[in-house]
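Undergrad: Chain by chain, the residues run as shown.
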Amino acid sequence: MARTLAEKVWEAHVVRRAPGEPDVLYIDLHLLHEVTSPQAFDGLRLEGRTVRRTDLTLATEDHNVPTTPGPITDAVSLTQVETLRRNCAEFDVPLYSMGDLEQGIVHVVGPQLGLTQPGMTIVCGDSHTSTHGAFGALAFGIGTSEVEHVLATQTLPLKPFRTMAITIRGALPDGVTAKDVVLAVIARIGTGGGQGYVLEFRGEAIEALSMEARMTICNMSIEAGARAGMIAPDQVTFDYLRGRDRAPQGADWDAAVAAWMALRSDDDAVFDAEVDIDASTLTPFVTWGTNPGQGLPLAATVPDPALIVDETERADTERALTYMGLEPGTPLREIAVDTVFVGSCTNGRIEDLRAVADVLRGRSVAPSVRMLVVPGSARVRLQAEAEGLGKVFEAAGAEWRLPGCSMCLAMNPDKLAVGERSASTSNRNFEGRQGPGGRTHLVSPQVAAATAVRGTLSCPADLDKD
Amino acid sequence: MDAFTTHTGIGVPLRRSNVDTDQIIPAVYLKRVSRDGFEDGLFAAWRSDGSFVLNHPRYAAGTVLVAGPDFGTGSSREHAVWALMNYGFRVVLSSRFADIFRGNSGKQGLLTAQVAQDDIELIWKYLEQDPGAEVTVDLTARTVTAGDIVAPFQVDDYTRWRLMEGLDDIGLTLRHEDLIGEHESGRAAYLPRTR
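Residue numbers (my numbering), protein chains in the order written: chain A, 17 to 482; chain B, 16 to 210.
Take these hints with a grain of salt, some might be off.
[To be verified] Between beta-carbon pairs, the in silico distance windows are: (1) A:Ala91 <-> B:Gly186: 56 to 62 Å; (2) A:Ser384 <-> B:Val165: 30 to 36 Å; (3) B:Ser63 <-> A:Gly186: 45 to 51 Å; (4) B:Met16 <-> A:Asp255: 46 to 52 Å; (5) A:Gly191 <-> B:Met16: 18 to 24 Å; (6) A:Pro347 <-> B:Thr155: 46 to 52 Å.
[To be verified] To spell it out: a stretch of chain A is covered by chain B in this simulated footprint if at least three of its residues, at any positions, have a beta carbon under 8 Å from a beta carbon of chain B; those stretches are: (7) 33-46; (8) 161-172; (9) 256-264; (10) 362-373; (11) 441-451.
The set of hints was computed from the structure by calculation and includes no laboratory data. Source: prediction; values computed, not measured. A virtual CB, placed ideally from N, CA and C, is assigned to each residue, including glycine.
Only chain B is shown next, with the shape it has when bound in the complex (with noise of 0.2 Å):
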């Protein structure tokens, strides 16, 4: 995983809200064994809509999406993270969202920064007016500047230390693995197996 400490992209103004990962990536795309090529299924339906915002070409090459509340609920699909990176999308904003998508989101280095929804509303109208327009996203400092917007975002502590670091979750786990021996070994006999 690539370390992340500041991010400058083309932003790109998605004005909805509840985006499922259905409508990220329907399952139709879900097929494949690998863990690239997903960004042909990004926002299938939508992209066949000519008006769609990632079919304008000032935004097609964005980096940033900068969404409405409620963002990644639904399927817990993880290729609705891919296919965001695999697009290029280095970070997503919103006010809220869905709790497994964003856990899968820092396991992948795709950064969620929760956004109020009023400088999301900042945003997009600066996005709109200048399509194509560049956001930094400072990890360090948690701050999202647009123009002469600059936003404060949450994230947690423990994922912006990994995302900074580029740690990989398994290694770090398994450093602890005298302790997984020792729960283990105290499990209850009643308990089932599989086999």
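In isolation and in its complexed conformation, chain A is listed as follows (with noise of 0.2 Å):
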């Protein structure tokens, strides 16, 4: 019978099926954080029971670090950071601490270090651990109970998904991203649309993506309400695993690349949902509300709530209208922003750093704006460093920080004020996510360097009719 890649991965996986429970799956790699983990590690302990697969285990530290360089000083996260230091050595845990060489957000540093790999399932104790899927892993967020279930099992017994293809046609405008392309989908289908689903993202314009592009948007999947997002791998994600610390050596690599060719959907495979989008209508995308699926084209308009019809959403747009300080009709283009912020595990990359510098070379950041550029991890702040980036960072008045989370979610010190606006390379525009009282528009790297250099929510182009 014809399957559909996410199938695959799940039915190479199944450790035991019985009617009417949920298969439970075998799980080839778990990563763990100081935040979601120490109430797993404890009733591992409660329990007298041990973590099963320690070579297949790798934690990090990132929500709570500080970006600027220095020790934790806030008492709480400090606990939390110590806590899971103390559970990885009671537990045999490889862990990279801060200042470690391979320290960095969870989600870049599995891929970059080799471990993500195509036809693995992948689970980590958040949510953007949909981010590997760019690679045709199955991975996907849990909560601490199955952490603590992988844990002690290595397994976690999961009901079955719905399968939905995203079939991005033809080729991307210039200028058009990654990031426009998935806040695009999440505004068609909605923050709910993708529930129960795992998406598979295909089509001309995403082979023609880079691995760490098609991280960014399967990063993003979350963001539709989808269980995970998973794109097939090609020579694109061959090219780029060769040779990573982790990624297989020699005939090892032959028979890995014999068994990943056939990851993919069969022709004849049938989804149970299939959305389309025309690639060429697609343009620099942002958000001008308080959740993912509220986004519009850079050229649009503040949305008038007076003119939807539906009474839930014209509530819920006139309550994001309140809380984000904006008035019907205000072109986006007109919005000014106090901060800009670069990273996360949705743009934290280097290739998101090589964007971001190729715009602010020669160019200064608005006076009246504050300027942001966080690494995701360690590795890549040194490369951002080798090539020169970081300089440039400097030079046109941007904050260079160390790797971390950041203001992605207002866990550590980089923090919104009240009321303070940001354009945000991030994942969520929610209310408060960059601290309480903080209004977050969502854009690419290349919108956020050129709403820094103008002050207002601008992209490249618009530098170039300045």
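Hints given; two lone chains; assemble the complex.
TA: Shown next, in the form of structure tokens:
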């Protein structure tokens, strides 16, 4: 029977199947960080259980770490990080701590080490685990009880999902990025549109993307409510993996590639739902509201609730505009921001930083704007410095920081103040996400950089007109 | 985990859709390393507004939350479930739940009962007309009763069985440790290791 990519990966990991019960799936890689793991280790301790496969488990410190030099000063943050260190030592789990060459945001670290490979099952107590699906892995976020379950058994009982093909046909116009694609997809299907589904992104526009751009797209699958996002592995995937620290070597490499080549949806596979988007219609996309589905092309205006028929949607829109401090009909390009944040597991990789540097080179951040550029990992920071990008950021007036989750989620010193407005390359514009009362517009790295220069939401093409 | 068959308690009408887990408990409350005490972070931003439903004294002791569609979206934080349960909630009613939140709830014993939005509207009106009124949720019959309203709800059979038996997931899986070992012996040699 014809199967989709997601179904193939699922079937290859079924440990036990019984009628009326969830399948028990084997987990190939379990990533941990300090926020969602302490209570899981606590649970093991209470039951006298151990970690079944420490060699398939990896921890890193990311959510709480400050991105300026020096130790963690917040007492509670420090407790979480120290608890992770103690738990990893007690249960013998490998850990990359602050200051380690391999430290960084968990979803940046896995791929750059070559640990994320096609056909694997990957979980982490973090919804943005969907990032790893860019390699053709089945990767999804789990809760702390599930973290405990995987630590103890290396498996998870899981209910079947449905499959949705999202096909981006044709070529993306110049200046349109992976972030614009995924924001447009979420605006199209809604924040609940992917619920219960694994999304498979396909089509010429997806095939033409680099691995890092594919990660941006899969990263935000969760913002459409999806269980996971996937992209079939191809030569781009293999070229990215070859030679990485944990990628297969020699004869193992050949065996792996042979197996990976079969990881694509069969031509006659049937998806439970299909969405088709013509790439040529896409333009730079930004959010105006308080969920990632509330986005529009940069050329649009702030929506008018009075024109919305559906009562719930109208109320949601009114509420979002009040929180965001926006007037209906305002051109999005006229919205002035206070802060620009470049970073996060969505857009904190080297290609993102290169794109930002390309815009900032020879230009300055507007005097009214503070700009933070935060690399996704220690290795991304080193690479950026080797390429001279750090100097470009500093010369333009941006702050060039140390790796971490930073201003994506207000769990560390990088936060918005009440009423402060940001253009952010992160993934969530929820109320208070970047700090209580903070107002977030989600954007691509290119739009972030152009916005920093002009002080209002802008794309690089706008700079050429100035 | 306590077994769950039927529950009666004060219903709280939360007339909002897309209640994401950042609203249920903001990230700043996630720094604790224990499983209790999260009730002070529940809906923290909204509770600072005096008119928020939980600030109404008749709703304050609520145990059945009646919410709009797409409840529990966003971050996978299980703290959202702990915060609701630490506060005293045993049941959330909504016409649609986010997947991760629903999975987390089932494991902790918080019942996420999926009720048609038309019925949610009726229950909202009932609870708003009579603040502090009780709602009965019967997991055996899969019904919610609020005054004269009797609404069916959906919950999958397996979650229902586990909730009714109060069963722990890890113990269930470890009954099949031999099958896990079998799968491990068949894994490809090229698969990566973290050390």
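Undergrad: Assuming the hint says 18 to 24 Å, is it satisfied by the Cβ distance from Gly191 (chain A) to Met16 (chain B) or not?
TA: Hint violated: Cβ distance 53 Å, outside 18 to 24 Å.
Undergrad: Does the stretch 161-172 of chain A contain three or more residues whose Cβ lies closer than 8 Å to a Cβ of chain B?
TA: Since three or more residues must qualify, the claim that chain B covers the stretch 161-172 of chain A holds, with 8 doing so at under 8 Å.
Undergrad: Quick one: are Ala91 (chain A) and Gly186 (chain B) within 56 to 62 Å, going by C-beta?
TA: 36 Å, violated
Undergrad: State whether the coverage of the stretch 441-451 of chain A by chain B holds or is violated, taking the criterion as 3 or more residues with Cβ-Cβ distances under 8 Å.
TA: holds (count 5)
Undergrad: Is the listed coverage of the stretch 33-46 of chain A by chain B valid when you require three or more residues with a beta carbon under 8 Å from a beta carbon of that chain?
TA: holds (count 7)
Undergrad: In this structure, is the beta-carbon distance linking Ser384 (chain A) and Val165 (chain B) contained in 30 to 36 Å?
TA: Violated: the Cβ-Cβ distance is about 59 Å, outside 30 to 36 Å.
Undergrad: When I compare C-beta atoms, does the stretch 362-373 of chain A have three or more residues closer than 8 Å to chain B?
TA: violated (count 0)
Undergrad: Is 46 to 52 Å a correct range for the gap between the Cβ atoms of Met16 (chain B) and Asp255 (chain A)?
TA: 48 Å, holds
Undergrad: Does the Cβ pair Ser63 (chain B), Gly186 (chain A) satisfy 45 to 51 Å?
TA: 48 Å, holds
Undergrad: Does 46 to 52 Å hold as the CB distance between Pro347 (chain A) and Thr155 (chain B), or does it fail?
TA: For Pro347 (chain A) and Thr155 (chain B) the Cβ distance comes to about 57 Å; the hint is violated.
Undergrad: Check whether three or more residues of the stretch 256-264 of chain A sit with their beta carbon closer than 8 Å to a beta carbon of chain B.
TA: holds (count 3)
Hint compliance for this structure: hints 1, 2, 5, 6, 10 are broken, all remaining hints hold.
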